[in-house]
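**Q** The listed protein sequences correspond, in order, to chains Y and W.
Mapping of the first sequence onto the working numbering: position 371 corresponds to residue 373, and the numbering continues sequentially without gaps.
Mapping of the second sequence onto the working numbering: position 338 corresponds to residue 1618, and the numbering continues sequentially without gaps.
Be careful, since some hints might not be right.
As the list claims (entries may be wrong) - Simulated restraints, written as ranges between beta carbons of each label pair:
| # | chain 1 | residue 1 | chain 2 | residue 2 | range |
| --- | --- | --- | --- | --- | --- |
| 1 | Y | S291 | W | R1597 | 44 to 54 Å |
| 2 | W | D1685 | Y | D274 | 16 to 26 Å |
| 3 | W | D1685 | Y | G45 | 24 to 34 Å |
| 4 | W | M1595 | Y | E285 | 57 to 67 Å |
| 5 | W | T1520 | Y | V276 | 42 to 52 Å |
| 6 | Y | E279 | W | R1597 | 36 to 46 Å |
| 7 | Y | E285 | W | K1360 | 52 to 62 Å |
| 8 | Y | E279 | W | N1611 | 50 to 60 Å |
Don't read these hints as lab results, they were simulated from the structure.
Where is the CB? At the ideal position from N, CA and C, for every residue including glycine.
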Amino acid sequence: MAAADVRDMLDLPAEGQPRPHKKQKVVEKRPEGITRELYALLGERAPPIAINENKYKGRPKWMNKLRVRPWSMAPFTNNARSDGLVLNHWQRKHESARPSVPAPAPAPEESQMEVDQPKEEEKEDAPKLPEQEYAFAKYNVKPRLPNRYTDDEYNRHLKSDDWSREETDYLVDLVTDYDIRWVLIADRYDYQPRMDTQPDSNALVPAKHHRTMEQMKARYYFIAATMLSLEHPPSEMSEAEFELHEKMLKFDPDRERDRKELAALQLNRTADEVREEAMLLEELKRITSNEQNFITERRELYSRLEVPISVGNTTMYQSSAGLSQLLQTLLQADKSKKRRSILGDGAIPSPAGQTPSTAGGLGRAETPVTQAGNKKGSITSKETGQMVRTLTTAEEAKYGVQHHERVSAGVQFRSDRAQRLTQAKSNVQTQKLANALAELEIPVRLFMPTERVCKDFEKLIQSVNMLLDARKVSEKVESEIRVLEAAKMERERKSREAAGISGPSVDPEHPHVKKETEDGDTGLLGHSTASHGNGAAHQSRAQEGDGNHKRSASVLSGASDKSNKRQRR
Amino acid sequence: MNPSNPPQAAEYGGDEVSAIVLDPGYSTTRAGFAGEDAPKSLIPTYYGKYNADGQEKLVFGDDVFVTPRPGLSIHNPIGKDGIVEDWDMAERVWEHSFMSRLTGTKAGNPFQNGLNDVSADELPTEMEVESEEKPLSDSPLLMTEPGWNPAKAREKTIEIAMEKWDTPAFYLARTGVLAAFASGKASALVIDIGASNISVTPIHDGMILKRGVQHSPLGGDYISSQIKAIFKANSPQPITITPHYLISSKSAVEAGQPPQAKYKTFPADKAPDASYRALLEERTLSEFKECVVQVWPGPTRLSAPSPTGVSNEDMARNTPGRPFEFPDGYNQVFGVDRFRAVESLFDAKAAIPDPDSSFPPPTPAQTIPELVKASLAGVDVDLRPHLLANVVVTGGSSLLYGFTDRLNHELMQMFPGPRVRVTAPGNTSERRFGSWIGGSILASLGTFHQMWISKKEYEEHGPNIVEKRCK
Chain Y
3 MAAADVRDML DLPAEGQPRP HKKQKVVEKR PEGITRELYA LLGERAPPIA INENKYKGRP
63 KWMNKLRVRP WSMAPFTNNA RSDGLVLNHW QRKHESARPS VPAPAPAPEE SQMEVDQPKE
123 EEKEDAPKLP EQEYAFAKYN VKPRLPNRYT DDEYNRHLKS DDWSREETDY LVDLVTDYDI
183 RWVLIADRYD YQPRMDTQPD SNALVPAKHH RTMEQMKARY YFIAATMLSL EHPPSEMSEA
243 EFELHEKMLK FDPDRERDRK ELAALQLNRT ADEVREEAML LEELKRITSN EQNFITERRE
303 LYSRLEVPIS VGNTTMYQSS AGLSQLLQTL LQADKSKKRR SILGDGAIPS PAGQTPSTAG
363 GLGRAETPVT QAGNKKGSIT SKETGQMVRT LTTAEEAKYG VQHHERVSAG VQFRSDRAQR
423 LTQAKSNVQT QKLANALAEL EIPVRLFMPT ERVCKDFEKL IQSVNMLLDA RKVSEKVESE
483 IRVLEAAKME RERKSREAAG ISGPSVDPEH PHVKKETEDG DTGLLGHSTA SHGNGAAHQS
543 RAQEGDGNHK RSASVLSGAS DKSNKRQRR
Chain W
1281 MNPSNPPQAA EYGGDEVSAI VLDPGYSTTR AGFAGEDAPK SLIPTYYGKY NADGQEKLVF
1341 GDDVFVTPRP GLSIHNPIGK DGIVEDWDMA ERVWEHSFMS RLTGTKAGNP FQNGLNDVSA
1401 DELPTEMEVE SEEKPLSDSP LLMTEPGWNP AKAREKTIEI AMEKWDTPAF YLARTGVLAA
1461 FASGKASALV IDIGASNISV TPIHDGMILK RGVQHSPLGG DYISSQIKAI FKANSPQPIT
1521 ITPHYLISSK SAVEAGQPPQ AKYKTFPADK APDASYRALL EERTLSEFKE CVVQVWPGPT
1581 RLSAPSPTGV SNEDMARNTP GRPFEFPDGY NQVFGVDRFR AVESLFDAKA AIPDPDSSFP
1641 PPTPAQTIPE LVKASLAGVD VDLRPHLLAN VVVTGGSSLL YGFTDRLNHE LMQMFPGPRV
1701 RVTAPGNTSE RRFGSWIGGS ILASLGTFHQ MWISKKEYEE HGPNIVEKRC K
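Pulled out of the complex, with its shape left as it was, chain Y reads as follows:
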């Protein structure tokens, strides 16, 4: 029965809405190695840790398809042997392509040394299958030894009173056997003179036959050097050979013996001696390290002294904002330098905590601890609570301690304050002040703005200002007087004209007045000085008018004092 038929029977709309999907159950795959029951206990959520056990991973699958390369027990011979001993070892089968390093051809000296072993190697190797050389045969190396002497050579060059021919032979044999390892040669050296065939000589070998290693070395080196020079005369030797020859000729058994005695002494030191030596070494180490420290410290000091004097423009640091910026950059540099901080071990202060005193400490040597009574400064004074002591006025003056009623925030320069005084409200006035200072030969920027200088400067500026004011007033008064006099003269003339008298002296008066007004514009100070000095005696003015300009500069200093006095009056 199809679904369509059922729908038809139940009067359901044909293929109305799509059938609801079966809820797909998300089944996580159960990891291997955990039973189903246990896995069910874990519930819906996956465990926070990954369950995977370390399983032995066999060979990768592709490897199983490889053909097993068989090994076989194979016989081999060793070329380093002369007897053709056949041993068995495991070897890869069919391994013709095995990258084996062929043993180097036997060294020439080897053939010299193994003269008694004839060339049977080749004979034996020949019938064997031509397999590769034994891999370890190449390690069979022998040191290069000089040629063995012949009887003739011995008799001509090598005879010695101390060493018999037999003993020399014995020594050279030993050296060959033990590859010039002197420790072993000296250990095994046991030369028995021939005479011990006598039945009587069971006694110990006489002590005079005890040879030290130095004696053996001296004898052997003599032989070796002689044989070397017989082979090649020293003029034809290669460099290495010549060096060896020299070294062997220069061997000094006595010196070697002395050295060994010293070495024995060194070895057999007592514990006290060892301790003393250790102590001395320690002391030496301390001294050298101290010296090193001293040198580095001195160098650092010198480098600080030789700081280049800044010639750059400093105006940007004259405001407090500029200064705090400078402080920031300095601190930054200090931090990045990772050296001992210039602020000491304490934490680097935050920008907010930068009190003027720290800034002053950075900038200048003259650092008055000014803020004793200050609200902000109280923080620092609390920190240095124990350090505070009362100073006498003399001391205060000496150390430059000052007490301020009120201090504005930020940093200010005293010279700045003095500078500000020279700035008047109007440009004209400023100009006048500058002119006055120039006449007094006082620079606008003070050279040494100490407290006292600043105070005096302030006073001076004040008096200059006062002088200027006074002159203004006097000018005003004078001009009024003149106007009034002129008016009076006019009236008098009119009255005289009216009376019929014409005064001839009046003529020069007019141009003079005109001139006076011109002068007032240009030489104000001189004019005022003149006017002050002469009082209001206008009669003499006509005579003096020309000399005014010449006098004013030289008289000025005295004049200003006088003017001050007059002002007081």
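Assemble chain W onto chain Y, guided by the hints.
**A** Chain W alone, transformed into the frame defined by chain Y:
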């Protein structure tokens, strides 16, 4: 490493030729294949001898401990100084050591083993019977010997190996050299504490320095005799060791109380020889050495006052004791005595006198520090600091608790100048089988195979070749 890849030739110097390494000692004989890390076959060198059915029978291997046969007597083919005395029996013991575990018996001749039997009339008439199979005909043999082995003993050894065992190649190496090799050193001062001997051997470039070889009989057996002396003088009552084979049953007793055990008795004609009892007592004593005996750690001697003013002996007395239960159930806590048993290895005056002991009281020259001193005096002065920096400790008795610490202290006191460095493998088997392991390394090296004395060379030059080749 993947086993399917062969090792690179550059990084692996081994080339195994299935050589057998035989390391005969006084107490045990070790044998195994070269290239392995421990001997496969470890048997006591002692053998048992008894008469049964009018025939003399021999017991080898661990079997000697097992059955107390009537009249069983225990012997050792090696003398007290480590040199073979009874060559016939030594050969039998050694043969047993590798035949029992390593080579085994060959598969018999197929003509004779009964599997291919045919009726008698078909039997070929002129069947040659193969001559007796020799045990080592396809394995090279590396044997060890003490540094003071005389030339005659060496020649005898190669004779046995070549003629009796038919080995294709043979080499005789010094135990000291091999122990140094096992520690990875070519130059070393080897201190070997064995059962019958302690020896100090300076090694340079893989060869012993004969003038520096020193040995003295203060080995494990001497320590046993010292322990026995302590037992004899024990304070509540003297302790007698009753070996396990004489105990039928035992019950627990309090510490220090007399044992309550039922003993087995053997009628006089059935009892084993006294040497059998001594062997089994020795087994108990080695257990005692392993569990209780301790070397005074130093830095000063046990008899000396310690830096704090209290004598070392009092300090040792204050350390907690160690209990030990004997086979018969007797048990006791051992205090300072456990230090005294071995003190004479370092301080001859501390030896416990025992008139019954077979060991004469030790002389100062026999103690370990003096041996080292004498040994160093025999070698070149340039070599001494190097040797002191490479002291190798080996041998089973060196496993005594605290031994290497004390040795280190003694050497540092004696030689305050040069640097002293004691190398002692921590692994028990590496310490016990040090020389065997060194032999195993040596005989599996590719470069060593040119050193073997081949049968051909032996036949050419005779047994004297061992003196020329195994220097």
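**Q** Against the earlier hints, flag every one the structure doesn't satisfy and list their numbers going up.
**A** Of the numbered hints, 3 and 4 do not hold.
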